[in-house]
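Asks: The chain contents come next:
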Amino acid sequence: MGRPRRTRQTPSQTVGPFFGMALGREGDEVLVDDDTPGERIRLEGRLLDGNGDPVEDGLVELWQADASGRYRHPLDDWDPPPSTGDARGFTGFGRCPTAFETGAWAFDTIRPGAVADPAGGMQAPHLNLVVQARGMLDALFTRVYLDDEPANEADRVLQSVPAERRATLVATRQDGDDPPTFVLDLHLQGPDETVFLDV
Amino acid sequence: MASDRVGSGDDVRRAHDDHPPFRYPDYKSTMARSPERDMVTVLRTLSERTGPGPAWSAVEDDDADLTTNAGTGGRAIGARIVVTGRVLDAHGAPVPDTLVEIWQANAAGRYTHWRETEYDAPLDPNFLGVGQCHTDADGIYEFLTIRPGPYPWGNHPNAWRPAHVHLSLLGPALGSRLVTQLYFAGDPMLELDPIYCSAPPHSRHRMLAHYDHDVSVENWATGWRFDIVLAGEHATPGERQDD
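For the record, the sequence lines run as chains A and B. The numbers in this note's numbering rise by one with no breaks, and the one at position 133 of the first sequence is 134. The numbers in this note's numbering rise by one with no breaks, and the one at position 31 of the second sequence is 1046.
None of these hints come from the bench; they were simulated from the model. Do not rely on the hints blindly, as some may be mistaken.
[As the list claims (entries may be wrong)] Going by beta-carbon spacing under 7 Å, a handful of chain A positions derived as facing chain B:
#: 1; residue: R41
#: 2; residue: W64
#: 3; residue: A68
[Stated by the list, open to error] The calculated lysine to aspartate or glutamate pairs, modelled on EDC-like cross-linking and capped at a C-alpha distance of 20 Å, are:
#: 4; chain 1: B; residue 1: K1043; chain 2: A; residue 2: E57
#: 5; chain 1: B; residue 1: K1043; chain 2: A; residue 2: D54
#: 6; chain 1: B; residue 1: K1043; chain 2: B; residue 2: E1133
#: 7; chain 1: B; residue 1: K1043; chain 2: B; residue 2: E1233
Beta carbons: idealized from backbone N, C-alpha and C, even for Gly.
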């Protein structure tokens, strides 16, 4: 069966330094409210450049499944609710501009459930990130796994990453925090460069 | 068949040769912010093939008139323009449920951002320069705004950004995420701009809005057409392949 010839894609351009006007709304880094089912977690880190300096004008976006491993999406048998506005609930999406002095970002969310792997079985619970910044001409995609998940050992995507770079995708649980905090710095360049995914 | 078109999705991945390179020396800020290692190619799963567009569109109100959305009761100063177009997937099919967010400088080339301090151009109290809308079932979006002015930046001596509107597209697939800039066809400053020129010559034209007389509104606003082609394909639930 013939396949349509691919249309040229519109080129990406940098978000520049002023995206916060539109994409930096306070509160979008909190995905949960009192009614959200699931285990509360905090995911945080810094966005760093190739010199190890903080990226002070970056944007980190999060997309994840809910506690039962379902995405809020028609492909996962979800239909948009008829009402709009106040009753946001859990959408699975969050945004956090990096802090100007430190490059820090953080999300208050829930531990995602496992999502099916089209190659068979289940994927380990993971959170999907999109990273952009002034000085980045295209978006970068990566995943965050949680270091207390035994399923990581069998996750096809994580295991396909060279072993010496795998740690760049795994957030570390901190002792004693409630709710638990997982930490992962994102490195755009350098010896600890984050593994970015071609999606 | 759906099964022919879903699966690994190699033909609808982000076509890196249509996009700028991460490292582009003429745009100095890219030098320390560009990855140097190879990306890892993944089989597209629900994590990549779903995205926040449908859910986010359900909770975000339209706010597509930038000439009045400052809420002051006054109108923004500048040449009113209608910007409209279709959002298409890599096969040319329309993409609904996409949140289109825009931000831009005012007619004088000034942003309402706290960081904008060097360029002594006037602010317009009736213009925020921020708007959003959703694509409809045919992938169509539309804004009413004012034509932005060019402004200087610090990349090199006497550097000016050509007039542009920033667009963010958040659609049904995370892998289709796109932030780009709309430029105006015929602008003589384009060829001097390293950000515009960072895109490969064969795809730069995709960033140009063209005057469209059919879009112009008599005695009100000139019309500009800007279609956007995303990576990925707009899969419907009937094409689901993951279970």
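Asks: Now tell me, hint by hint, if it's right for this structure.
Replies: Structure-based check of each hint:
1. At its closest, the beta carbon of R41 (chain A) sits 20 Å from a beta carbon of chain B; the interface hint therefore is violated under the 7 Å criterion.
2. A least Cβ separation of about 5 Å between W64 (chain A) and chain B falls short of the 7 Å threshold, and the interface hint therefore holds.
3. Evaluation of the A68 (chain A) hint against chain B yields a violated restraint, the C-beta minimum of about 16 Å exceeding 7 Å.
4. Taking the CA atoms of K1043 (chain B) and E57 (chain A), the gap is about 16 Å. The hint holds against a cut of 20 Å.
5. Distance check on the hinted pair: K1043 (chain B) and D54 (chain A) sit about 16 Å apart at the alpha-carbon level, within 20 Å; holds.
6. Restraint check: the Cα-Cα separation between K1043 (chain B) and E1133 (chain B) comes to about 19 Å, which is no more than 20 Å; the hinted pair holds.
7. For a cut-off of 20 Å, the pair hint linking K1043 (chain B) to E1233 (chain B) is broken: about 43 Å separates their Cα positions.
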